[in-house]
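Asker: Modelling step: build the complete structure from the supplied sequences, incorporating the hints.
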Amino acid sequence: MKKTAIGITVVGKDRGGVVAAFTNFVFERNGNIEAVNQNVVKGLFGMHLEASFAKSINLDSFDSEIQDLAKKTGMDVSINYETNSQKNIAIFVTKEPLCLQAILEASKKNSLGGRIKVIVGTEGTLKSDVAKASVPFITIDEKNQTKAEEKIIKVCREYDIDVIVLARYMRILSPNFVWRYPNRIINIHPSLLPAFPGALAYAQAYERGTKIIGVTSHYVTENLDQGPIIFQDSFKVNPNDTLEQIKSKGQKLEASTLLKAVKMHLENKLDVRWRKVHVKSK
Numbered sequence: 001m002k003k004t005a006i007g008i009t010v011v012g013k014d015r016g017g018v019v020a021a022f023t024n025f026v027f028e029r030n031g032n033i034e035a036v037n038q039n040v041v042k043g044l045f046g047m048h049l050e051a052s053f054a055k056s057i058n059l060d061s062f063d064s065e066i067q068d069l070a071k072k073t074g075m076d077v078s079i080n081y082e083t084n085s086q087k088n089i090a091i092f093v094t095k096e097p098l099c100l101q102a103i104l105e106a107s108k109k110n111s112l113g114g115r116i117k118v119i120v121g122t123e124g125t126l127k128s129d130v131a132k133a134s135v136p137f138i139t140i141d142e143k144n145q146t147k148a149e150e151k152i153i154k155v156c157r158e159y160d161i162d163v164i165v166l167a168r169y170m171r172i173l174s175p176n177f178v179w180r181y182p183n184r185i186i187n188i189h190p191s192l193l194p195a196f197p198g199a200l201a202y203a204q205a206y207e208r209g210t211k212i213i214g215v216t217s218h219y220v221t222e223n224l225d226q227g228p229i230i231f232q233d234s235f236k237v238n239p240n241d242t243l244e245q246i247k248s249k250g251q252k253l254e255a256s257t258l259l260k261a262v263k264m265h266l267e268n269k270l271d272v273r274w275r276k277v278h279v280k281s282k
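Just so you know, we're using the working numbering here: the sequence shown kicks off at 1 and counts up by one.
Think of the hints as simulated: they come from the structure by calculation, not from any bench.
Each statement offered as a hint is correct.
Heads up, simulated BS3-like pairs for lysine-lysine below, C-alpha to C-alpha not over 27 Å straight-line:
1) K249 to K108
2) K95 to K132
3) K108 to K260
4) K236 to K263
5) K127 to K147
Computed beta-carbon distance windows for the label pairs:
6) N238 to L69: 56 to 66 Å
7) Q145 to G17: 28 to 38 Å
8) A195 to E158: 35 to 45 Å
9) E267 to N144: 33 to 43 Å
C-beta atoms are modelled at their ideal positions from N, C-alpha and C, and glycine is treated no differently.
Answerer: Below you can see the structure in the form of structure tokens.
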């Protein structure tokens, strides 16, 4: 019999007994713990538990019962059912268009492998790019990141989001948000990580006279630009290239590399083990 795989994400104020409460919840329903990861940062607790069930279970009852446990423990709990159905995608953007355009074009051609349900922007610059795609564009320009994330969490719940794509989204997501989507937030970074971290990667590379510049698509963790690497690509720098020429080359490569990573994730071809991404064998 095919197993039912369920991902359980728990986030809330750190307190004793939480891990035991949720692992026991799984065991009591004849489930098996496949993997569990937990973190505590400044009193905030986060845990992702992967469970499998050999026998069929009532998913509605499971969800209702685990939400009851969430209330008892004072935790915010979300469930991700590992199925082969198309995933719901949210794209986060700021003002650079190429990554967004590449993903929208793939969706238009039915080659993306998932459904773009909503686009969230820190400003309205790219709203016109989305108009023809008939996808809701929601502007959340709240400067306070905690308040902004509260709004974003509500949006993601409203649209039942499975995967988040950061298409040059120029905000740093907090652990409170990241832990809710473990290995389900995909970012593109304009350098070959771990070198040149941060937002000014191209300028750093230009100032250092770098001969090869690359881009990195990676899963997002609570540690900035240090998540498991999915794909990397690079291009050569000509001695006479200006900073603007380097940016132009890099931004085109960002779009193609991010799109490749997103497609592979949506096709369920990627597996994260020990902080490394592996391509699953057929």
